[in-house]
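There are 6 protein chains.
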Amino acid sequence: MKQVTVSRKAHFNAAHRLYRKDWSDTKNEEVFGKCSNPHFHGHNYELIVSVTGEIDPETGYVIDMKVLKELIKNYVEDAFDHKNLNEQVPEFSSLIPTAENISVVIWEKLRPHIANKNDLSITLYETPRNYVQFSGTNQ
Amino acid sequence: MKQVTVSRKAHFNAAHRLYRKDWSDTKNEEVFGKCSNPHFHGHNYELIVSVTGEIDPETGYVIDMKVLKELIKNYVEDAFDHKNLNEQVPEFSSLIPTAENISVVIWEKLRPHIANKNDLSITLYETPRNYVQFSGTNQ
Amino acid sequence: MKQVTVSRKAHFNAAHRLYRKDWSDTKNEEVFGKCSNPHFHGHNYELIVSVTGEIDPETGYVIDMKVLKELIKNYVEDAFDHKNLNEQVPEFSSLIPTAENISVVIWEKLRPHIANKNDLSITLYETPRNYVQFSGTNQ
Amino acid sequence: MKQVTVSRKAHFNAAHRLYRKDWSDTKNEEVFGKCSNPHFHGHNYELIVSVTGEIDPETGYVIDMKVLKELIKNYVEDAFDHKNLNEQVPEFSSLIPTAENISVVIWEKLRPHIANKNDLSITLYETPRNYVQFSGTNQ
Amino acid sequence: MKQVTVSRKAHFNAAHRLYRKDWSDTKNEEVFGKCSNPHFHGHNYELIVSVTGEIDPETGYVIDMKVLKELIKNYVEDAFDHKNLNEQVPEFSSLIPTAENISVVIWEKLRPHIANKNDLSITLYETPRNYVQFSGTNQ
Amino acid sequence: MKQVTVSRKAHFNAAHRLYRKDWSDTKNEEVFGKCSNPHFHGHNYELIVSVTGEIDPETGYVIDMKVLKELIKNYVEDAFDHKNLNEQVPEFSSLIPTAENISVVIWEKLRPHIANKNDLSITLYETPRNYVQFSGTNQ
Numbered sequence: 002m003k004q005v006t007v008s009r010k011a012h013f014n015a016a017h018r019l020y021r022k023d024w025s026d027t028k029n030e031e032v033f034g035k036c037s038n039p040h041f042h043g044h045n046y047e048l049i050v051s052v053t054g055e056i057d058p059e060t061g062y063v064i065d066m067k068v069l070k071e072l073i074k075n076y077v078e079d080a081f082d083h084k085n086l087n088e089q090v091p092e093f094s095s096l097i098p099t100a101e102n103i104s105v106v107i108w109e110k111l112r113p114h115i116a117n118k119n120d121l122s123i124t125l126y127e128t129p130r131n132y133v134q135f136s137g138t139n140q
Numbered sequence: 002m003k004q005v006t007v008s009r010k011a012h013f014n015a016a017h018r019l020y021r022k023d024w025s026d027t028k029n030e031e032v033f034g035k036c037s038n039p040h041f042h043g044h045n046y047e048l049i050v051s052v053t054g055e056i057d058p059e060t061g062y063v064i065d066m067k068v069l070k071e072l073i074k075n076y077v078e079d080a081f082d083h084k085n086l087n088e089q090v091p092e093f094s095s096l097i098p099t100a101e102n103i104s105v106v107i108w109e110k111l112r113p114h115i116a117n118k119n120d121l122s123i124t125l126y127e128t129p130r131n132y133v134q135f136s137g138t139n140q
Numbered sequence: 002m003k004q005v006t007v008s009r010k011a012h013f014n015a016a017h018r019l020y021r022k023d024w025s026d027t028k029n030e031e032v033f034g035k036c037s038n039p040h041f042h043g044h045n046y047e048l049i050v051s052v053t054g055e056i057d058p059e060t061g062y063v064i065d066m067k068v069l070k071e072l073i074k075n076y077v078e079d080a081f082d083h084k085n086l087n088e089q090v091p092e093f094s095s096l097i098p099t100a101e102n103i104s105v106v107i108w109e110k111l112r113p114h115i116a117n118k119n120d121l122s123i124t125l126y127e128t129p130r131n132y133v134q135f136s137g138t139n140q
Numbered sequence: 002m003k004q005v006t007v008s009r010k011a012h013f014n015a016a017h018r019l020y021r022k023d024w025s026d027t028k029n030e031e032v033f034g035k036c037s038n039p040h041f042h043g044h045n046y047e048l049i050v051s052v053t054g055e056i057d058p059e060t061g062y063v064i065d066m067k068v069l070k071e072l073i074k075n076y077v078e079d080a081f082d083h084k085n086l087n088e089q090v091p092e093f094s095s096l097i098p099t100a101e102n103i104s105v106v107i108w109e110k111l112r113p114h115i116a117n118k119n120d121l122s123i124t125l126y127e128t129p130r131n132y133v134q135f136s137g138t139n140q
Numbered sequence: 002m003k004q005v006t007v008s009r010k011a012h013f014n015a016a017h018r019l020y021r022k023d024w025s026d027t028k029n030e031e032v033f034g035k036c037s038n039p040h041f042h043g044h045n046y047e048l049i050v051s052v053t054g055e056i057d058p059e060t061g062y063v064i065d066m067k068v069l070k071e072l073i074k075n076y077v078e079d080a081f082d083h084k085n086l087n088e089q090v091p092e093f094s095s096l097i098p099t100a101e102n103i104s105v106v107i108w109e110k111l112r113p114h115i116a117n118k119n120d121l122s123i124t125l126y127e128t129p130r131n132y133v134q135f136s137g138t139n140q
Numbered sequence: 002m003k004q005v006t007v008s009r010k011a012h013f014n015a016a017h018r019l020y021r022k023d024w025s026d027t028k029n030e031e032v033f034g035k036c037s038n039p040h041f042h043g044h045n046y047e048l049i050v051s052v053t054g055e056i057d058p059e060t061g062y063v064i065d066m067k068v069l070k071e072l073i074k075n076y077v078e079d080a081f082d083h084k085n086l087n088e089q090v091p092e093f094s095s096l097i098p099t100a101e102n103i104s105v106v107i108w109e110k111l112r113p114h115i116a117n118k119n120d121l122s123i124t125l126y127e128t129p130r131n132y133v134q135f136s137g138t139n140q
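From first to last, the protein sequence lines are chains A, B, C, D, E and F.
Per this note's numbering, the first sequence runs over residues 2 to 140.
Per this note's numbering, the second sequence runs over residues 2 to 140.
Per this note's numbering, the third sequence runs over residues 2 to 140.
Per this note's numbering, the fourth sequence runs over residues 2 to 140.
Per this note's numbering, the fifth sequence runs over residues 2 to 140.
Per this note's numbering, the sixth sequence runs over residues 2 to 140.
Incorrect hints may have been included.
Because identical chains share one entry, a pair is satisfied inside a single copy or across any pair of copies.
DSSO-like cross-link-like pairs, simulated, lysine-lysine; straight-line CA separation at most 27 Å [claimed, not checked]:
(1) LYS10 - LYS74
(2) LYS22 - LYS67
(3) LYS118 - LYS10
(4) LYS22 - LYS10
(5) LYS70 - LYS3
(6) LYS67 - LYS10
(7) LYS67 - LYS3
(8) LYS110 - LYS28
(9) LYS67 - LYS118
(10) LYS10 - LYS70
(11) LYS22 - LYS74
(12) LYS118 - LYS3
(13) LYS74 - LYS118
(14) LYS67 - LYS35
(15) LYS70 - LYS118
Hints were generated in silico from the structure; no laboratory data involved.
Predicted, not measured: the structure shown is a model, and the values here were computed from it.
All chains should be built: construct the whole structure from the sequences, respecting the hints.
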């Protein structure tokens, strides 16, 4: 079987803040440093969505990039772009928007729209120097 | 005279919002679109500081990069990084933090620390696809 | 006067061929090498459109990036993307589509839509290693 | 055992068209969109060839990069660069030149020239935003 | 279990030379080419350190990036940056500083400082076109 | 007149050391810091050579990129690549190989081979974060 991984890059800009409501300001600053700034700061998140599966012999595609681009737009960019993650994105109302957690949330939002037989992996650059990858929960 | 331009890249992450207090929300959204989101959004700003001048024949330097790096850290990164530009950076208390205005503010903060005989130019990437350049006021 | 240059990146994919109908195949190959392949070859052209002008004190913008993005889409991307430049783009019916000529054609297509008081400059990457810049005809 | 993966980047420019001769023009356009343009379009393909194996304790190499560079030149660049994939590359006479299929063809061309004990993986960027990876057929 | 891979980029500049003392100059040049230049040459090494593990539900982190950045600084950058690898870094006194071997040495220097339950992987760019990856010895 | 600037990227790896023989080791270290390491360090220099001139109406070229590529190979890459600039490149026997001075030397080596009517500019990246530009001596 010829398994190919197909990847599409996208991006969104957002504000966030790392902190726990159940911790004191001092503890938040101690753990999260300047990332806990109560006035928020922000990033240009660069996102790579990768789908692994067999090539369809009829089209030569694993997944149509036009379809993948549209899925990313509908489920990630429209939901996150130019938003304050803590205050405007419901998934982070009680989940700290670290890059790790954002990558998991993106995976969970896209997974239902990818064919069951295909694998899904998320790579998320928080800055050009820091990035994370999540490929789903191990059973 | 051998004029060389020496450039140093740096970066900072910040939140901002584009809006005018003297405009209605409707007008702000009409002009600034999703950039006027009242909950803020953010960027990884990539900054290039360029100094043009003669090579010092003794050192082979126009300006010592270690000095330039330190100036950028002291006057730009420490002031802007992980900050909310609208709420925590005094220069933007009554100036809209567009990329254009941020580049002018950075130029004005660094200019006093660059030798008079040298020219200063600022390049600022708001996203990997949008950037601005400012080289000082024409007399 | 505070002149700022605002730049926006875009891209399009196209096929082209460098050759002159009034030259023999031998001469075309001698001058243009493998770029004269009669079956065409292609590039991902990366385009940077730069507009220089004064900051509007009301908006903090030189030009609204959303407007610039739309102009590039309407006059360049829609006209060139996924096209064969020699056969499907009228401007190149009798003009060789070198990177130099393409940058001039893009400048001429966008110039009428940029305010007279502003300057326009085009940077075009034919490959990640080769690029050209055109800033208009010197009077 | 110390397994290291060694990767080398290369690139080639080519024209292609996505379509099936046994489909109508309407169906080709419906499935492949503007990628089915009968006049062709093109890309700067960026290629990464990765070889995984043990470090040779005598040289400190998994594979000599000079050799790998030469293999890529002989079997990929010389065969694909500045070519029309559909019309001038025999492997695509009856195979649609999608990025997926191109990565498989490159893998098959290089595999015989890589030591049996080593693994081979191909990464191919069709545009800076779209890329695929193929690591061989699972037995 | 939600396994996420967290990556941090860093860089250092160094000089090196590929050669074996027990080989003749002719053999060294034959095997290593211009990389065996007895006067040394150098690179800007770009380093990516990747740690894979479970997200800590309390902080949303796999590993605190500030901690990872500090580890890289203390154990890699301070040891290698602006150094001659052959002459000033003890690990290479009898080991050829190929990219492969450097990646293994970096892995061995960092491994003791990463939690046992987490995996560690090193990616090292010797040039923008050549890079290697090492993820530890297979048991 | 339609002036276009045509740019070509190239690169070379080299070792260097910043120091003056007529200064003490202490003064060299004070001025040049770790760049004065007597065992040398090195860089992947990324070079951009830009030629500005009129488009030749016959070919659509300012300068044939194949010719420019060859000039860079003959006069810069062959002279500098995998070399120790201080010890093996005659131009730096009594000139400190700072990025500034290297850019001037490259300009002087290439200038005689560029048509008189055209302008020449050199951009040299010493690291991805530090670069210099030289466009010739002002008369």
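Going through the hints against the structure:
Proximity of LYS10 and LYS74 under a CA criterion of 27 Å is satisfied in both settings, with 11 Å inside one chain copy and 19 Å between copies. For the homomeric pair LYS22 and LYS67, the shortest alpha-carbon distance between copies (22 Å) is at most 27 Å, but the shortest distance inside one copy (41 Å) is not. In this assembly of identical chains, LYS118 and LYS10 lie within 27 Å of each other by CA distance solely inside one copy; the values are 22 Å within and 31 Å between copies. For a Cα distance limit of 27 Å, the shortest separation of LYS22 from LYS10 qualifies neither inside one copy, at 34 Å, nor across copies, at 31 Å.
For the identical chains of this complex, LYS70 and LYS3 are neighbours both inside a copy (23 Å) and across copies (25 Å), given an alpha-carbon limit of 27 Å. Taking the shortest alpha-carbon separations for LYS67 and LYS10, both the intra-copy value of 12 Å and the inter-copy value of 21 Å come in at or below 27 Å. In this assembly of identical chains, LYS67 and LYS3 lie within 27 Å of each other by CA distance solely inside one copy; the values are 22 Å within and 29 Å between copies. When the C-alpha separation of LYS110 and LYS28 is checked against a cutoff of 27 Å, the pair qualifies neither within a copy, at 31 Å, nor between copies, at 31 Å.
Taking the closest pair of Cα atoms, LYS67 and LYS118 come within 27 Å of each other only inside a single copy of the chain (19 Å); across copies the shortest separation is 38 Å, beyond that limit. Taking the shortest Cα distances, LYS10 and LYS70 sit within 27 Å of each other both inside one copy (9 Å) and across copies (19 Å). Taking the shortest alpha-carbon separations for LYS22 and LYS74, neither the intra-copy value of 31 Å nor the inter-copy value of 31 Å comes in at or below 27 Å. Both within a single protomer and between protomers do LYS118 and LYS3 lie at most 27 Å apart by alpha-carbon distance, with minima of 13 Å and 20 Å respectively.
In this assembly of identical chains, the alpha carbons of LYS74 and LYS118 lie at most 27 Å apart only when taken from the same copy (22 Å versus 36 Å across copies). Taking CA atoms no more than 27 Å apart as the test, LYS67 paired with LYS35 passes between copies only; the shortest distance there is 11 Å, against 39 Å inside one copy. In the homo-oligomer, the alpha carbons of LYS70 and LYS118 lie at most 27 Å apart inside one protomer (19 Å), although the nearest pairing across protomers, at 36 Å, exceeds that limit.
Hints 4, 8, 11, counting from the list given before, are not met by this structure.
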